[in-house]
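Let the hints inform the model, and build the full structure from the sequences given.
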Amino acid sequence: FKSTWSFFFPPISPQPRSLLGVNLGKNKTSTKETEDYEIGIEKLGKYADYLVINISSPNTPGLRNLQQNEPIRRLLKVGIQKRDELPRDSSG
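Residue numbers (the working numbering): 82 to 173.
Treat the hints with care, as some may be off.
Listed next, the in silico SDA-like pairs over lysine to any residue satisfying Cα-Cα at most 25 Å (straight line) [to be verified]:
id	residue 1	residue 2
1	Lys109	Pro168
2	Lys158	Ser137
3	Lys109	Arg169
4	Lys124	Thr141
5	Lys109	Gln148
6	Lys109	Ser99
The set of hints was computed from the structure by calculation and includes no laboratory data.
Here you go:
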């Protein structure tokens, strides 16, 4: 299976025909709204074929506040900016 997205973003997973996704979340004790996601994208994004921004963990205090209009817009803006700063693999 080869999707049209693979033309723009070729899989980087070491297994042929496999995709590697990274699920990013906020740390339970974190006080900064987007910092954990930024760090996760910077550190793990280069290994991922796709990233998931998790904003729905019932065990993380305050996490669901990110589901409100303004906080999620800020989070997505920062997340997209950090993703776009990642090195791209052009070997695909």
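Hint by hint, here is what the structure shows:
no.: 1; hint: Lys109 - Pro168; result: violated (29 Å)
no.: 2; hint: Lys158 - Ser137; result: holds (18 Å)
no.: 3; hint: Lys109 - Arg169; result: violated (31 Å)
no.: 4; hint: Lys124 - Thr141; result: holds (21 Å)
no.: 5; hint: Lys109 - Gln148; result: holds (16 Å)
no.: 6; hint: Lys109 - Ser99; result: violated (31 Å)
In terms of the numbered hints stated before, the structure departs from hints 1, 3, 6, listed from lowest to highest.
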